[in-house]
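Chemist: Listed below are the residues making up each chain.
There are 2 protein chains.
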Amino acid sequence: MFYRKNRALFTDLYQLTMCQGYFDLDFTRKQATFDLFFRSNPFKGGYTIACGIPLALEFLTNLKFTERDLNYLREQKIFSEEFLEYLLKLRFTGKVEGVREGSVIFPYTPIISVTGPIIETQLVETALLNIINYSTLIATKAARIVNTARGGIIIEFGLRRAQGDSAYIGVRAALVGGCMGTSFIHGGQIWNCPIVGTQAHSWVQAFDSELESFKSYAEIFPDKCLLLIDTYDVLKSGLPHAIEVAKMLRKRGKEILGVRIDSGDLAYLSVEVYREFKKAGFPNISIVLSNELDEFTINSIVQQILERGINNQEERELHEEVISRLSYGVGTKLITGGQQSALGGVYKLVALNKIPKIKVSENVTKTINPGIKKVWRIIDDNEKFIADVIGLYDENDPCSGDWIYHPIEYLKKYQLPKHIVIEPLHHLLMKNGKIIIDEDLYDWKLSQQFCKEQLNGLDSTYKRLLNPHIYKVSLTNQLYELKIDLIKEFSP
Amino acid sequence: MFYRKNRALFTDLYQLTMCQGYFDLDFTRKQATFDLFFRSNPFKGGYTIACGIPLALEFLTNLKFTERDLNYLREQKIFSEEFLEYLLKLRFTGKVEGVREGSVIFPYTPIISVTGPIIETQLVETALLNIINYSTLIATKAARIVNTARGGIIIEFGLRRAQGDSAYIGVRAALVGGCMGTSFIHGGQIWNCPIVGTQAHSWVQAFDSELESFKSYAEIFPDKCLLLIDTYDVLKSGLPHAIEVAKMLRKRGKEILGVRIDSGDLAYLSVEVYREFKKAGFPNISIVLSNELDEFTINSIVQQILERGINNQEERELHEEVISRLSYGVGTKLITGGQQSALGGVYKLVALNKIPKIKVSENVTKTINPGIKKVWRIIDDNEKFIADVIGLYDENDPCSGDWIYHPIEYLKKYQLPKHIVIEPLHHLLMKNGKIIIDEDLYDWKLSQQFCKEQLNGLDSTYKRLLNPHIYKVSLTNQLYELKIDLIKEFSP
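Chains A and B, in that order, are what the protein sequence lines are. Numbering-wise (our numbering), the first sequence opens with residue 1 and increments by one. Numbering-wise (our numbering), the second sequence opens with residue 1 and increments by one.
Just so you know, the hints here were simulated from the structure itself, not pulled from any lab data. Possibly wrong hints are sitting among the right ones.
When chains are identical, the list treats them as one kind, so a pair holds in a single copy or across two.
[As the list claims (entries may be wrong)] Listed below are the simulated PhoX-like cross-link pairs for lysine-lysine, each with C-alpha atoms no more than 25 Å apart in a straight line:
| no. | residue 1 | residue 2 |
| --- | --- | --- |
| 1 | 64 | 5 |
| 2 | 247 | 413 |
| 3 | 254 | 279 |
| 4 | 412 | 488 |
| 5 | 278 | 236 |
| 6 | 418 | 5 |
| 7 | 95 | 452 |
| 8 | 254 | 431 |
| 9 | 354 | 30 |
| 10 | 95 | 412 |
| 11 | 254 | 488 |
| 12 | 215 | 488 |
| 13 | 95 | 463 |
As the structure is a prediction and not an experimental result, all values here were calculated from the model.
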């Protein structure tokens, strides 16, 4: 367990002022249902990878106020002694339903729905959002990056630019999204994943010459020799020195693993470095690229290499070999999300004692879907996902005849194919405060595998980087009508 | 102390593989100097606020490998038993010089310079960058936001969208940059700062009507009544209900604190809400704005309100009063940095046994400034900062005659005014592994005050949001010539 410790004060003050209010009003037995969902895919992409759910369940399991917590709250002079005493005994006793870790999901579908006494379920909002927003952002980023690398391995390299301690759960999310390992030692220890890394520019600088630094490294790590070749000049200095060391190692019966390039024109340099190594008799060399990479730069590197090789058969083969030798160390833009630094997940009250609740907004996309829900995925006979449908918990058929409707623009509708499979998306994850999913489901390796399978269910049009196809998420007629009725009731 | 715990494995694997190499080569007594600096101000801004330095020093003080750490390293089958034994005894014994927490700084100036045995100083790279990159990013963001709010209070609201546990040190950085408090309870407890928060939309939804929810809240918290008025419709519902409750409270001898608006056109709604409250006899109401705010949206809100009020004297006064009543809850874009999610700080070897070292790059801005440094700030007789100069540690005068040179484009030079004050920017922070700055300097309140004073030293042209004036950071002739010589020596 990662969230072993008590983290009851990992929350916003208003959660506790509201809970004091609910306590005073004797609302303690009211059963609330909250949906945790988001309104748009991150990175202007076509899909999202749900992540952080086992961590969220761990947090709930361990929720407990200590005397020290209560003393601090007492100092605020906002809370009554009776309420503080109530908090001391409080544990999370509710129910959680949600999607499986590593699922492909889309806007408006609840990642999890939390039902239980209103004080417990309100109190946990901030931590659940914190964990799932960040994990989901990073798993999605990782999946996008892995998807552009044509089988090239992606290693998480971002600890130095990560936002403080975020890297602990960020590494896990990167693994779920498909990364092979991390450079972060403690992260590797916690999640039991491969840790990776050889040398920095400072190693090369610490010697009087680059060649001397390479030779020393090869002598110390003859079986793990991967050399950083861009400290002074890749083609004029790093490359010939690395080849010299590769030959030296071979004379001793050892093989160089490869080289890393951390600056310059990575597409051009990869090809020229590989060409020379191949000529020198080292066609199996690995080339690790790094330097502010993300899905867009990796995609561009791969495209450029393929295009450069198009002239003749021999060059084409060489360039395709280069691509098969590449792996990528991805740092800042993976572990922080880069240009999008947060998923806008929200946690909204949708029912109180099973009575549906709504929040209206001037912005129609911000008006929530009320009520306790059921969610289905519709799959065609090629095992491709065609649409998700959100309905109410007592409904049994997501399809109104053969049609499904657009969740916001209700004039748009879509006719379903004849042969479909309907699968429930939500599973019971926690009941009476106890986690009821398999221990196995905590294992990021299984989630990584599941994520990979899920992405196979998604047509490539949803996976492209620019202007992806928009996946259909629809409401059942019953939920749609409930929503319209409540909007009318609560719009002044 | 926040970084009380051992965090020796909070590092990248390559730091340890390099250290194994240095150990095998008997480099353990070589004294390395590393500079931690960045190459451009975050947010395309004109300045940066140095932050995280006391936390970085805490990390160094507590550096220590445990047997458990070493067992994990042993499992990797990379490290020798002799080296692991060496690590068990390793403590940080080096020296740290750097700027004061909350300083205004600029690209290329080292925030800190770390000198000591190469193994110790190499090993700590990742953690130092992690702490200072993120803290500096967030303190700078906070300062930019505070600077646009015309005295309006800024409260940190971002825990639910923060990247995992980053919020712990993110809150501290937001305080250093000028925030008044946070919604994050445990953050407030750790840093001993005000915690703030009243209610969410779910509170309003939990009642059969908005008015009932407001009345209940006022009855429970008559002295802290701040009402969220945008659950259904601000002007038609939230506002009249809040005024009704304000009147009810006044009859009981209590005053409403104010209202919060979390959606819609915040500039327009602020004015209309204030207008009605003032008419009703509540001109002292506070209006808290929130909803994806940052320096740009706050600046735009303030501008729009001032422009709307320009028509006549009475309206102008009303609109200026509105601005004086506003405060801002800033979430996601403050605690994550928003569009820029990381500061690109680096940690580069600049000397080994006092011999200057260089790393050359195809990109001239990435070629490092070699050698152990001294840094000065030149201040005019109005106490405004005019330039910073980077020189070598044995130099005593930053000015070559009356001129200073551009650090990258050497054809550009600048004539200094007649009356100037020269101040050293770096202070000795740690010696022989012991922190030697005052305990007081750990206090974010003093750093916040210092940051405010520093920003007063900066002309407003450096502080504007769009295309700010570029502050001059120059090299001394001696450092410039050393750099050119080393570039020639190491360029093949």
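Chemist: Are the hints correct? Go through all of them and say.
Modeler: For each hint, the structure was consulted:
Taking the shortest alpha-carbon separations for residue 64 and residue 5, both the intra-copy value of 9 Å and the inter-copy value of 23 Å come in at or below 25 Å. In this assembly of identical chains, the alpha carbons of residue 247 and residue 413 never lie at most 25 Å apart, being 65 Å within a copy and 50 Å across copies at closest. Taking the shortest Cα distances, residue 254 and residue 279 sit within 25 Å of each other inside one copy (18 Å), while across copies they are farther apart (86 Å). With identical chains, the CA atoms of residue 412 and residue 488 are at most 25 Å apart within one copy only, with a shortest distance of 22 Å there and 67 Å across copies.
Taking the closest pair of Cα atoms, residue 278 and residue 236 come within 25 Å of each other only inside a single copy of the chain (17 Å); across copies the shortest separation is 74 Å, beyond that limit. In the homo-oligomer, the alpha carbons of residue 418 and residue 5 never lie at most 25 Å apart, since the shortest distance is 51 Å inside one protomer and 61 Å across protomers. Taking identical chains as interchangeable, the C-alpha atoms of residue 95 and residue 452 are never at most 25 Å apart, the minima being 28 Å within one chain and 48 Å between chains. In this assembly of identical chains, the alpha carbons of residue 254 and residue 431 never lie at most 25 Å apart, being 56 Å within a copy and 44 Å across copies at closest.
Taking the shortest Cα distances, residue 354 and residue 30 sit within 25 Å of each other inside one copy (9 Å), while across copies they are farther apart (70 Å). Neither within a single protomer nor between protomers do residue 95 and residue 412 lie at most 25 Å apart by alpha-carbon distance, with minima of 35 Å and 67 Å respectively. When the C-alpha separation of residue 254 and residue 488 is checked against a cutoff of 25 Å, the pair qualifies neither within a copy, at 76 Å, nor between copies, at 35 Å. Taking the shortest Cα distances, residue 215 and residue 488 sit within 25 Å of each other only across copies (24 Å), while inside one copy they are farther apart (76 Å).
Taking the shortest Cα distances, residue 95 and residue 463 never come within 25 Å of each other, neither inside one copy (33 Å) nor across copies (50 Å).
Hint compliance for this structure: hints 2, 6, 7, 8, 10, 11, 13 are not met, and every other hint is.
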